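Kindly generate the complete structure, drawing on both the sequences and the hints.
Order-wise, the sequence lines are chains A and B.
Residue numbering for the first sequence follows our numbering, beginning at 1 and increasing consecutively.
Residue numbering for the second sequence follows our numbering, beginning at 336 and increasing consecutively.
It should be emphasised that the hints constitute simulated quantities derived from the structure, not laboratory data.
Keep in mind that the hints are not guaranteed to be accurate.
As the list claims (entries may be wrong) - Below, simulated DMTMM-like cross-link-like pairs (lysine to aspartate or glutamate); rule was C-alpha separation at most 20 Å, straight line:
id, chain 1, residue 1, chain 2, residue 2
1, A, K41, A, E101
2, A, K13, B, D442
3, A, K13, B, D466
4, A, K13, B, D435
Source: prediction; values computed, not measured.
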Amino acid sequence: MSLYTAETRRLTKRRFTRFFVLGTLLVLAAIVAGMFFTNHKASPERLAAAQAEADSQYQFAVQQASKETADCQAAQGTPAAQNYPPCDQIYQPAREDFRAEWYMDPMFDFREQFGFLVTALAALLAVMAFVIGATYVGAEWSSGGMMNLLLWRPRRLQVLGTKLAALLVSLGVFTVVVSAAWTGLFVLTAQLRGTLAGMTSGAWQSILLMELRGMVLVLAAGAVGFGLASLGRHTAMALGAAIGAIIVFQFGLGTVLSLAKVPFAEAYLVPVWALAWMDKSAVATDWNSCDYSSTSGCEPATITITWPMAGGVLAAVVLLIVGAAMWTMRSRDVT
Amino acid sequence: MNAVLEIQGLRKTYRSRKGVRRALDGFDMVVEAGQVHGFLGPNGSGKTTTLRTLLGLIRPNGGRMALLGREVPQALPEVAGLVGAIVESPQFFGNFSARDTLSLLADAGGVERARVHEVLELVGLRDRAGDRVKTYSLGMKQRLAVASALLKNPQLLILDEPANGLDPGGIREMRTLMRNLAESGMTVVLSSHILGEIQLICDSVTIISAGRRVAAGSVADVLAQHAASAVRVRVESVADLTGSAGALREIGAQVVVEPDHLMVSGLAHPSAITRTLAARGIYVSELAPVAVDLESVFLELTGTAPVEGEHRQVDESAAAPAPTVNGGWGQ
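Structure below.
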């Protein structure tokens with residue numbers, strides 16, 4: 001337990017951890033502020049103003065259409081007539097084309113929009129967790145701190161396992177707190193600048209489960225960053241692997257698969273799997289195929305990636321990387 | 336006395352594309368309790384590999400090791416709390432202060448935080464304890480490393496080059512500290528290249544070369560065993576040096592003729608020199624035994640004495656004969 005406490009202290013005392021957490025919180029705060037200030041609740045005054053704007057735009061459009069029609073009719077019999085369609089086909093605006101709601105500021109609909117915000121939160125925290133996980137153990141290796149610690153605690157697997165546990169528990173607590181604040185702030189935004197309509201107990205349960213899946217994603221990212229840096233015994237190993245994976249497996253592989261017209265090319269890329277994990281399912285499409293039906297014509301074939309499939313892949317990646325890190329920790333010399 | 340550190344037939348081989356390198360080739364070492372023991376060897380001779388292997392950082396290919404009477408690495412978790420060590424250059428996380436660094440180690444090792452203040456005082460870092468380690472000089476980092484090794488109040492202290500980077504005052508303080516620790520009952524193993532220091536503060540030494548032990552025992556014994564018992568001889572006239580050399584060789588002495596004197600060895604009794612030369616009408620003006628020091632013994636045993644016009648490479652050092660099956664442990 002003393003080692004765990006010391007490792008938690010070491011993690012939270014690091015300036016890099018503090019700065020990176022602070023940076024992430026600032027980005028999240030900017031998103032909350034942006035959502036708050038760009039959304040407004042529908043009040044009678046705002047509705048009246050929007051109606052006035054719609055009327056004004058309608059009148060302007062009517063004037064433009066009248067002028068266009070007049071110009072068209074005046075141009076008949078002259079070379080300029082070729083610049084106009086038949087005058088009776090010139091668009092004449094209708095009142096229903098200028099609805100008041102289209103001129104209102106957006107209103108934050110919690111039920112419709114919060115799911116995307118949970119995914120955004122999980123993605124940001126996952127990046128933070130990866131980098132902090134990688135630098136935490138990478139700096140220990142490159143500064144010689146790990147060797148010092150092993151002179152005190154010669155049980156290598158226990159040391160690496162405790163470090164990982166301290167990282168994951170800290171990330172877990174942080175994610176829970178930030179997720180709670182994130183939810184609370186957007187509930188407040190919905191109350192002041194939008195609506196909470198449709199938030200039944202089932203909807204809240206769905207949000208909670210989504211946030212739990214987000215937390216799993218954050219912890220997995222932290223563990224992968226930690227494992228990669230431990231394998232390479234340097235932070236650069238993890239960051240290099242991440243950048244390499246993005247370049248090779250996302251942009252490179254995406255381009256190659258697309259050029260080769262591989263069916264369901266998206267299914268080979270990480271974002272689809274991450275979305276499947278967060279949104280419970282994601283659809284990959286084979287745009288070159290044709291499933292013909294007499295009612296809807298040619299439809300491209302699709303496959304659905306479900307969250308258990310995505311979870312299985314996530315678990316396999318984490319187990320592979322952390323397992324390899326533990327194995328090398330046990331067997332490799334510390335030089 | 337009890338042995339607190341015992342190594343027998345330790346082997347470590349590194350394999351790479353360039354081939355196989357035997358870093359340790361049947362190395363033996365024994366350190367008795369309460370001693371300050373010097374561990375000497377040229378660069379690349381296997382000193383640090385030995386210490387890392389002993390402390391569980393490197394897996395050996397063969398041999399036996401024991402610390403405080405317990406076989407390691409099996410019993411390392413039980414004895415680690417009684418062994419303080421620094422290996423090679425001091426390495427710490429630069430953005431933490433010395434106090435943070437030590438308190439984190441104390442937490443990890445279950446040591447009272449009050450001990451942090453004690454060791455900082457002991458190594459002279461009390462007033463700079465709150466500064467970040469990256470602002471420290473090499474000598475200050477070295478002091479911090481010694482503090483981290485002392486934090487556990489160990490029974491056995493293993494220090495790799497503890498005087499590295501220290502100023503002359505710091506070296507003297509370190510020497511006093513080592514002696515005080517030994518007097519308090521702590522066993523200290525000291526690896527260093529400052530052989531004058533080792534000769535001053537160590538009770539016993541082990542010299543390693545090319546992964547094997549080439550000498551071991553008390554400092555006095557090692558010096559005595561390897562002293563060449565040479566005698567410097569000056570005669571009244573430099574013109575008589577050549578004739579003197581011939582006369583001494585006739586009685587079985589090995590003689591090296593220097594510009595103004597002779598170095599004579601291989602005679603049981605120096606009186607034979609005066610008798611022989613006097614019989615030839617040559618009179619001795621100086622007859623002085625040449626004192627041997629640890630440095631010259633070290634250079635002789637390890638074959639690392641500089642030779643004019645040659646540039647010795649790191650791995651070029653003398654190797655001892657292959658160890659016998661029964662060598663080492665407890666001998």
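Hints, one by one, checked against the model:
A distance of roughly 12 Å separates the Cα atoms of K41 (chain A) and E101 (chain A); the hinted pair therefore holds under the 20 Å criterion. For the hint pairing K13 (chain A) with D442 (chain B), the CA-to-CA distance comes to about 14 Å; that is within 20 Å, so the pair holds. Proposed proximity of K13 (chain A) and D466 (chain B) is supported: the alpha carbons are some 15 Å apart, at most 20 Å. Only pairs whose Cα atoms come within 20 Å are accepted, and K13 (chain A) paired with D435 (chain B) is accepted, the gap being roughly 9 Å.
Hint check: no violations occur; every hint is consistent with the structure.
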